[in-house]
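*Asks:* Below are the chains, spelled out letter by letter.
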Amino acid sequence: MTLAGAPTGRPASVTIEGRMFPTNRGGLCKKGWTAAELLDAGDRIVHPLLRQPDGTFAEASWTEALDQVADRLADSRRRFGADSVGVFGGGGLTNEKAYQLGKFARLALGTSRIDYNGRFCMSSAAAAGNRAFGLDRGLPFAVEDLDSASTILVLGSNVAETMPPFIAHLAGARQAGGLIVVDPRRSATARLTDDGGGIHLQPTPGTDLVLLLGLTHIVISEGLADEQYLRSRTSGYDAVRTSTNAWWPERVQATTGVPVAQLREVARRLAGAGGSYILTGRGVEQHVDGTDTATAAINLALVLGLPGSSHSGYGTMTGQGNGQGGREHGQKCDQLPGYRKISDPDARAHVAAVWGVDPAVIPGPGVPAVELLGELGQPGGVRCLLVHGSNVVVSAPDVTAVRAGLTTLDLLVVCDFFFSETARFADVILPVTQWAEEEGTMTSLEGRVLRRRQAIEPPPGVRSELWILHELAVRLGAPSTFAVSPAEVFDELARASAGGIADYSGLSHTLLDTGIAAYWPFTPGSAGTPRLFLKTFAHPDGLARLVAVRPRRAVSEPLVGNTLTLLTGRLLEHYQSGAQTRRVPELQDARPAARLQIHPATASRLGIAENDAVLVSNTRGTVRVNAELTSAMRHDCVFLPFHYAGDECANLLTERAVDPISAMPEFKRTIVSVTRAGVLEVTG
Amino acid sequence: MTAQPLRSAQPLRVVLVGYGPVGARFVEGLLDTVEGGTVALTVVGAETDDAYNRVLLAEFAVGRSTRDRLETTDTAAARVAGVSIRLGEAAVGLDRVRQTVRLDTGDLLPYDRLVFATGARANIPTLEGLERSRRSRLEVSPSAERMDRGTAPLPDGVIALRDLRDAAALRTAIESRARLVVLGAGVLGIELALAAAEQGAEVVAVYHGDIPMARNLDTGGGRVLASAARRAGVVMAPHSRAESVLLRHDNTGRAHFDALVCADGKQIGGDLLVLSCGVSARTELAAAAQLTVSAGIVVDSMLRSWDDVNVFAIGDCAHIVERTDGDAARRGPGERPSSERAPAARIFGAPSGLIGPGWRQADWLAASLVREATTLAGPAAAAGAADAAAATSAALPSVLAAERPSVVMLKAEGVDIVSGGDYSADLWDDAHEVTQWADPARGSYVKLVTEGGVLTGFVSAGCPRLGAELTLLFESRGELPADRSSLLHLDGTGAAESVGSDPLAPHATVCWCNGVTVGRITEVVAEGQRTVECVGKATRAGTGCGGCKGRIAEIIALAAPVAAI
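One line per chain: the protein sequences are A and B, in this order.
This note's numbering applies: residue 1 is where the first sequence begins, and numbers increase by one.
This note's numbering applies: residue 685 is where the second sequence begins, and numbers increase by one.
Source of the hints: derived by calculation from the structure; they are not laboratory data.
Among the clues, some could well be false.
Restraint ranges, calculated between C-beta atoms of paired labels, are given here [claimed, not checked]:
1) Gly1176(B) - Gly499(A): 56 to 66 Å
2) Ser310(A) - Gly1176(B): 57 to 67 Å
3) Gly377(A) - Gly1176(B): 48 to 58 Å
4) Glu815(B) - Gly177(A): 54 to 64 Å
5) Asp1106(B) - Gly607(A): 25 to 35 Å
6) Gln175(A) - Leu1242(B): 21 to 31 Å
7) Arg624(A) - Ala1125(B): 46 to 56 Å
8) Gly377(A) - Asp1106(B): 50 to 60 Å
9) Ser1169(B) - Val46(A): 52 to 62 Å
Where is the CB? At the ideal position from N, CA and C, for every residue including glycine.
My request is simple: use the sequences and hints to build the entire structure.
*Replies:* See below:
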């Protein structure tokens, strides 16, 4: 998008216009059109705030605030070790901030305890992509490539609400009758399959993996596999074929609730003429078997011979503003810039050389987000936490436990521009710049590095996170340097990423400002890589790896009485924890409160009418909202948006169980009971 | 093989008799412990092929699938892991006192734990002309080759579709455009008839009752199936009690199938007769060793023989039933069952004949033996055992969970039939709630039986989505919506779109990107915005992906017809 108006004025003089760009073609959704309102929102924090003994906050000078933070961090490190300080980052931070935060944690704090909210978002798809292709870039092709496809299989993504302009890229497939949407809800995206646009498969929650095994089974059984491709470009096919042999269509129907005829139709369609793409979203990834499910989607794509061609492929759609770049440059607990592994001696040596330090000072791998949050206040765990671009008391699973963890900390420092729900727990709040007030880069879902340019001056008293990290690093006596200028930080990031998987070494702000379409890997002198894998995949042998996966047996509780499966997700009007969108009146007025989506027949069975107050509860907590009756739901599940706080927070109910490979929590399959509020629960 | 670390205990010796899909699954469950040296596993399989998936045998036989699609296990990998797999050999004797199994080769296999996964063989009906092919129920065959036949093999042109050789014969027949006669219209017979017809074969399905799949369908469901099968090109021959097989002899004197003769005198000629008359568990070896057998080898909910704690059975040969005679103390090996105990005929139930329960039994028993072997091997081995195995056994329930009544689904393209539980209740039955829907002309029929809102039995014919949902509801014991008719909408043309389907209703969304409704656009048109662009400026409708601009124009035209002209 583009901001028009006085270039250094305040928002009152700023208007938003769509920018002609391949991803959105000049289109914006409601969230984009109203984004300028955030710049001047009423509770914008414009001074550092320090918690007082009486529990209130008082304004403080930057020097006072930073001195206090640095002293307390140094003290904690001295008394309890470096790992007593933790850092929690965010997928909305610019590449420069994400990079600098990772470096700050490792060098200035010396801690291994850093992870970020992308763990709740992209981690399963990332793990599956790395395992299969040796590399994780959301779309290994340019988004416009989708336009000419005749079949697109979208699994667990409601892109029509979460990223509406994207649906223009589905138009070609809809025209050809080939948009296939897999979602337990008849979502806005699923409705795009109406009127001959394609097929909506509505499996029961938690059975996506079996569905994918079944589709792969049919493709192989009906002789639709690309045997030539499998021989020349992949390894591991035999084991995958054998593993899918046990999932014949009728068995898959009995598990998923998707009829055999639909399964066959979809399998045949995917193997048919014209380009085919398979895209996954959080709906299939945010599960305890999310990595295996994404792997099963990749296996299907590989059996069909899709990845690494100019007209077909597999991709995953990122959820956050910088969901791609945010997971490449060191915010992850096991990662160094350039998507390098922190445990790899060569990677450590390279990055240490760029940083001008001995590799030995870089800590080893830390722990992923849920485990990190679980360590808060525990003996030997994290005692001080810095939070950047994240609202964990709304977005993390089992927020009651997270809230409890935060209260046990010696020190909580929150960098934010609003008084978010997490900021309310802070000891120190440091106000930072937001999107239109800063320079930087973001990397899109297709691995394209985009410039963010400053349009207006930030309010006086607000500072960039790069400046804050610099100031703290100096006070902590950190080795290396911590540049304040985004362009300078980017240049260092480029050097640190050189030779890594996500290689930005040929890029600079100056080059990006020429308007080039820069897809990584982008080495000096190259033109970047819009399409990956055309000749080889990123594993040393150049082959893509099929990995046999099997569903782990879930002991499913009988869904009787008022027991139902809870799904969580997004609404059109809101974004993530709602910390921003709930502050935009137009968005908030459209969706002022969370509502529980429930099928009318299920509601009637439970004595619930439209707008009735309901309690959604399990052993972890209770959510109080009003009901919204919609036949878009299956009979056996209910839906809550996760944008809301307090009693409406969906993550009061989700559990801390995680995927063993990606450490992704289970967000999409929670057992709850639903009752009309005011009705006494009869037990026994 | 690498040298095993020194351990205090010897490996637990497990012998598995039978290497079908259930046996293979059991082997997979033990692989880690075999590799780790805590279990020594020997497998005896009568067929010479590696284990394969019998469920898909008909698909393969009619040429709709390839041989490699029947593989569900990696036998080579099991051998590499150290499993001794002896194919083409038969267990012919069991000495429970010495704990040895005797093979047809003469070898003796000592065991600590013996597992039967011998499966079931096809029944050969009592038809004149096939007498010598029927085997006596309790006779232990002297060799692998003769395991499933009587004194003579079946004549040429007569098969029971049970193994790869049968499948090969059927495949040849279909390729040569032979006419098939399928005797028996159970689920397997009908599946085969439909699959063969789909491949272009001429098929007659012969059965003695009124409807096909009589054990799994009520009259309504059966009728719908029969007409669907006829539409698919299968000649259905109900009320036909087969009595004899007419054979013709070629010039070498070799007998070949010619026709099936029914009690009413009707002769049904063909090139290949496929017997689909049910199966019986292979229990003769167990019976000869004085183990209780009924419809299968009788085992408790820990899959242990009633008579011997070291002997187990899984899959189609296992008849699971808790002991009912009050004789809690288990006899030691060699001790005969007391004569006072309930005779076998009074033991209820039977093996389900389905793969799902068989696999669950294999998983459970393997995990249970892993736990036992790991404990026996002592803490050193336990620490060295794979974490996964340890985790599995820690979470292992102490007895195998009881199976729900089975759901039976017909595997046939374009014919959607599924049923489960007890659907026999009458529509006006007071004890149950029964819901019925029938539309024979369009080939759909549904019957639901519920108790307290929970589905206890159902038949669904010709309703693919409903059938699939009912299966889920039945298996999860889920509660049906109070409005049963909402279920029928699943296969309706409007799918779940009963509410808000009018695209011009005021609350209907036009622009998804910006959440703009028809009502909002009508409002601004009334205020004077008469072009798509103006409406876009006023409401942001059409300023996202732009896909709705056509509809916005329509709404403007409807709301302001004069202005639009």
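*Asks:* Just pull the numbers of the violated hints for me, sorted ascending.
*Replies:* Violated hint (a single one): 2; every other hint is consistent with the structure.
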